[in-house]
Structures are given as structure tokens and as C-alpha cells.
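Enquirer: Dock the two chains into a complex; use the hints.
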Amino acid sequence: MAESMEMKSEPRSQIGSRAARKLRKAGKIPGVIYGHGQNTISLSVSADDLEHAIRHGIRVVDLSIGGEKQKALLRDVQWDYLGMDVLHVDFYRITEGERVVVEVPIELRGEAPGAHEGMLEQPLHQIEVECLATGIPESIRVNISQMQLGDVIHVRDLKLPEGVEAKTDPDAVVVQIVAKEVVEEEEAAASPAEPEIIGRAKAEEEQEGE
Amino acid sequence: MPLMPKRVKYRKSQRGKVKGKATRGNTVAFGEYGLQALEGGWLSAQAIEAGRITAAHMVRGEGRLYIRVFPHKPITSIPLETRMGKGKGEPEYWAAVIRPGMIIYEVAGLPESAARICLSRIAYKMPFRCRFVSRRPSI
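Those sequence lines, one after another, are chains A and B.
So in the working numbering, spot 102 of the first sequence is number 102, and the numbers just go up one at a time.
So in the working numbering, spot 129 of the second sequence is number 1129, and the numbers just go up one at a time.
Treat the hints as calculated values from the structure; they're not laboratory data.
Bear in mind that the values here come from a model prediction, so they are computed numbers and not experimental data.
Quick reminder that beta carbons are idealized off the backbone N, C-alpha and C, glycines included.
Some hints could be false.
[Said to hold, decoys possible] Residues of chain A clear of chain B, computed beta-carbon distances all greater than 12 Å:
{"hint": "1", "residue": "GLY66"}
{"hint": "2", "residue": "GLU121"}
{"hint": "3", "residue": "LEU158"}
{"hint": "4", "residue": "ALA166"}
[To be verified] No farther apart than 20 Å at their CA atoms in a straight line, the calculated lysine to any residue pairs in the SDA-like style are these:
{"hint": "5", "chain 1": "B", "residue 1": "LYS1073", "chain 2": "A", "residue 2": "LEU82"}
{"hint": "6", "chain 1": "B", "residue 1": "LYS1019", "chain 2": "A", "residue 2": "LEU82"}
{"hint": "7", "chain 1": "B", "residue 1": "LYS1006", "chain 2": "A", "residue 2": "ILE197"}
{"hint": "8", "chain 1": "B", "residue 1": "LYS1012", "chain 2": "A", "residue 2": "ALA193"}
{"hint": "9", "chain 1": "A", "residue 1": "LYS180", "chain 2": "B", "residue 2": "PHE1030"}
{"hint": "10", "chain 1": "A", "residue 1": "LYS180", "chain 2": "B", "residue 2": "ILE1067"}
{"hint": "11", "chain 1": "B", "residue 1": "LYS1021", "chain 2": "A", "residue 2": "VAL86"}
Chain B on its own, in the form it takes in the complex (with noise of 0.2 Å):
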């Protein structure tokens, strides 16, 4: 099952635009390794799910995985062949706004070699560019 909200205030939600870059969820905060997104953009449950089984495979008893993003918007669509008007569309499926800069998974526990191997497997899933990451030097 896909991630969504338990509860919710409203069933649907306007569209709006991912604006400007990520200033908050963009360091590596749990893990040792991350990946992170460079461009904007929805990023589906499914998509998430599908880094996730990908992720599974390669962390699974080694390590941990840490999924930092969570799709909280209603996406909606009008089914196909139907004409225009009469109303919003029906909630699709659920959401993640993603901001450049933004961190969308980490890595615990896993050499960097592995780590590089399990992040770039589900970069390949994610529906724009992104790049492997590791803490930012203490200061």
C-alpha cells in the first residue's frame, strides 16, 4: 500500500508550483549517505514505495534506510474521454513536493561503495536528476 495521510482537512488541493530551492530537509540528518534531488518536482507514493523495494534488496540486515520525504498532496485527474466542466477531479494519488536541493532517502549503515550502488539503483525510479551525498562537514 502506498504511503498517504491517516487524516485529512480537505479532500483535494490546487495544483500550485514548486518555487524556489530547499532550505529546510536538505542535509544528510540520519544516515551517513543520501540522496539528493536536484530539480523540482511531484514526487509519487509509488515512486517512493517503488526507491523503497529497490532500496530493500540492498540494506536488508546490513543497514537501515531512512525515507525523508512523505507524500501529503492530493494529486486529481479527470478520467479519460470525459468532457470538460462539471467539477474537479477525483483524488489519483498522493504526492511529495519535492524542492531542489532536497534530500529524499539516507543510508545507514553500509560502506560507502554499497551505499553508492543501493542510491544510484533508485535514482534510476525517481522521475527527476538526483545525486549521491554524505554529511556536511561538522563545524
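Bound-form chain A, shown alone (with noise of 0.2 Å):
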């Protein structure tokens, strides 16, 4: 179970992008918390806890709001376009026995034998739960370790915790292992120096036939 977190938060009066900016500049970063009805609040916290929040998994922090504790799901957060720093945080009110749908990553546990004849494919990496809010799984912890070629793990598949359902489509591929590739080099010849223009081939048959 992701662990939880306090951390302090401060109600902002100012909005747009120059008070943004100038937040971001002395070590903050902007965000508001909004859910259960309650009138959205724009808000800003440390940028080292909120740091520290998504580098260790923790969903659900405990947030001090001017000196008012309220428990809040870490629901969105927005990058700059490096994906280096964090932009905006959105917060989420919940409340003790709430259930919400969250994204856990896949953890592969386990070396597969059957990868050194194929090859490893996983095409889902996080899959979205639903779970009681202060019961959020860390991770999806998947075991590998008796997979050989061919076999496929769906998520219907999955051991997953006590009182975690999951919602992406069952018959989804969580991993498997696949044949390696014959890489097949292409024919120089095969294929057109020029793309066809579209609607050139048409204009040029009316043209023949008049």
C-alpha cells in the first residue's frame, strides 16, 4: 500500500501565469484541490515535498490548507514539456472508505525463461484500479518468473490485493512473451521514388477520356 504524506499548502489569492511563474521561482509550485461539492481552492505547495510525493509513489497526502488538515488524492500533475519539472498539481478531496479510480504501474517480478528464446513484450505498464483511497496499491506486482514462449499474461490474470478491482478491459495484454523478429530488409525497387498524389489520377483518366 502507497504510504501517505503530510504537507503544507498555502490558500493563493493571485492567479494567472506571471503569479505562477513568480511561485515556481521561489521554490513552490501552484495547485488547487477541489471534489465532494466544496468550492474549488487554489493553493501552492513545496515543490521538494511535492517532489518527493511523486518519486515515492504516495497517492494520498494529508494537506494543511492554512492550518484546516484535509485528506486529498494527489489526482493530476502537470510537466513542463521536458517532463523535468512539475507546472501545476491537482488535489482531490476524499474522505476515510472512499473508493476512487487511480492508475498503479505494473511491477515485472522475476526473470522469465522462455525470454531467452523470445521476446519480453509489455504493453500495458499501469492499469486503472479501483480501490478504497487510503488503500492504494504502490504497484501491481506481476511474477515472470514461470512464463515461457508464447505464454501471455492478461489482467484478467492478475493477483491483485484485497478490495482492488481492476477497470481496463480484462482481455488486455499485460505481457507476454513473442517470438523474436526476422527483421527483413526492404526492396529498393519494390517501393515508388514519389508518393501518389491524391486526386492527381483522377483529374489525369477524365482528361484521357475527353
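Expert: This is the structure:
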């Protein structure tokens, strides 16, 4: 189960990109908290605290907003274009015993013996699950130590912790071992040097017909 | 044969400018590690192919390489020693328009050390600065 942490936040009155930029320069991240039919509050949190929560897979935080404590789920994070810095964060108010839908990473455990003969493919790196907000699993562990060539593990085959229900398509492939690809060199002569022009062939045919 | 579209509406296009930063295609989506462009520019089909060949030696049999960009843009040029005028040149090659932050290649099924070597070798073939990236933490 993902751990929880305390996070201090301050309500912010100034909104807009200029104010947000100033906040980021001061080592804070602008964010909002919403949910449960209450008002949306604009706030700011410490960049270091948020970074720690994200890197350690912490999903639920005890957010103190101007002295008032509130349990909140880290719902969305906006990154800069390089994916290095966090620009904005969304918190969602939660209560004890509330069920939420979140994405949980899939962690492969063991070494598949069939991977030497074939190729281990993992099309799904995270799955959507519904669970208690206070009991979000850190990751879903998949044991691949028995997998042979041609074996497939679907979402329905995953052993989920108690109280956790998968929302992703049960037939979706999580991990499989496929035969090694044989790379075929394309023949240069087979493909034309220039692409076909849409509409040109028709126009030419019409001209010929006339 | 370098990559190019099968069908196009127009043979030639205007040059345009590479404006802004990548807001799409800037996350590792298929593999575990990726090569991210730090600068914008045109990436020719030949350069994409050169990168693929370089990586093919590393990932052969073990992993999988994903090419995340496609050369949609025809680049024209006027032959040498030609007087100016007489219209636009003929299509010379095809290029992908790359904005800073775009993921160009991804690899899957390789350990991090091998993926780093593989992608750094591809980076030598790229006409702009690139960096090695892994998946973003899921929220």
C-alpha cells in the first residue's frame, strides 16, 4: 500500500501565469483542490515536498490548508515540455472509506525463462483500478518467472490485493513472450520514389476520357 | 528505402517555422526508455533510418525499437548552378518536423545500461541535441 504524508500548503489569491511563474521561482508549485461539491481552492505547495511524493509513489496526502487539515488524493500533475519540472498539481478531496479510480504501475518480478528464446513484451505499464482511497497499492506485481515462449498474462490473470478491482479491459495483454522478430530488408525497387498524389490520377483519367 | 508518405495531397509544401515546444509526443509511451529532442528542427528520413540501423545492432532479438516520428514534410531544393527564379525546386527528401521535447525513439525490453548505450549511439546521428529519458512516474 502506498504510504501517506503530510504536506503544507498555502491558499493563493493571485492567479494567472505571471503569479504562477513567480511562485515556481520561489520554490513552490501552484495547485488546486476540489471535489465533494465544495469550492475549488487555489493553493501552493512546496516543490520539494511534491517532488518527494511523486518520486516515492505517494498518492494520498494530509494537506494542511492554512491550518485546516484535509485528506487529498494527488489526482493530476502537469509537467513542463521536457518532463523535468512540475508546473501544476491537482488534489482531490477524499474521505475515509471512499473508493477512487486511479492508475497503478505494473511491476514485473523475476526472470522469464522463455525470454531467452523469444522477446518479452509489456504493452501495459499501468492499469486503472478502483480501490479505497486509503488503500491504493503502490504497484501491481506480476510474477513472470514461470513464463515460457508464447505465454500471455492478461489483466484478468492479475492477482490484485483485496478490495482492489481492475477497471482496464480484462482481455488486455499485460505481458507476453513472443518469437524474436526476423528483420526483412525491404527491396528498394519495390517502393516508388515519390508518393501518389491524391486526386491527380482521377483528373488525369478524366482528361484522357475527354 | 527511407520513410515517406504513401499518398499526399500536394507534392510540395512551404517551409514554415518550428514554433513552440512539444505538447504532444513528449512522453515515453510504448517502451521503457526514450530519446528526447532538446532542440527543434527537421529530421530527415535518412537520419531516421540511420538511427534505426544503429539501434538495430543493439536491440536485435533482445528488445524492440519504436520510431515515434514520421517524415511528413517534403523538402524541396533548387539544383546547383541554377539561376534564381523559374519556380520552386523539386522535392529532394522528406523530413519530420521536430519540436523541443519530442520523443524520437523508444526502446523496450533492454536493461537501462544497454538502452543508454543504444540511444546515445542514435543521438550521434541526430542533427540536434538529445537526451535519454525514462517513463514519467504514474499519478
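Enquirer: Now tell me, hint by hint, if it's right for this structure.
Expert: Quick rundown of the hints versus the structure:
{"no.": "1", "hint": "GLY66", "verdict": "25 Å, holds"}
{"no.": "2", "hint": "GLU121", "verdict": "7 Å, violated"}
{"no.": "3", "hint": "LEU158", "verdict": "16 Å, holds"}
{"no.": "4", "hint": "ALA166", "verdict": "15 Å, holds"}
{"no.": "5", "hint": "B:LYS1073 - A:LEU82", "verdict": "24 Å, violated"}
{"no.": "6", "hint": "B:LYS1019 - A:LEU82", "verdict": "16 Å, holds"}
{"no.": "7", "hint": "B:LYS1006 - A:ILE197", "verdict": "9 Å, holds"}
{"no.": "8", "hint": "B:LYS1012 - A:ALA193", "verdict": "15 Å, holds"}
{"no.": "9", "hint": "A:LYS180 - B:PHE1030", "verdict": "18 Å, holds"}
{"no.": "10", "hint": "A:LYS180 - B:ILE1067", "verdict": "18 Å, holds"}
{"no.": "11", "hint": "B:LYS1021 - A:VAL86", "verdict": "16 Å, holds"}
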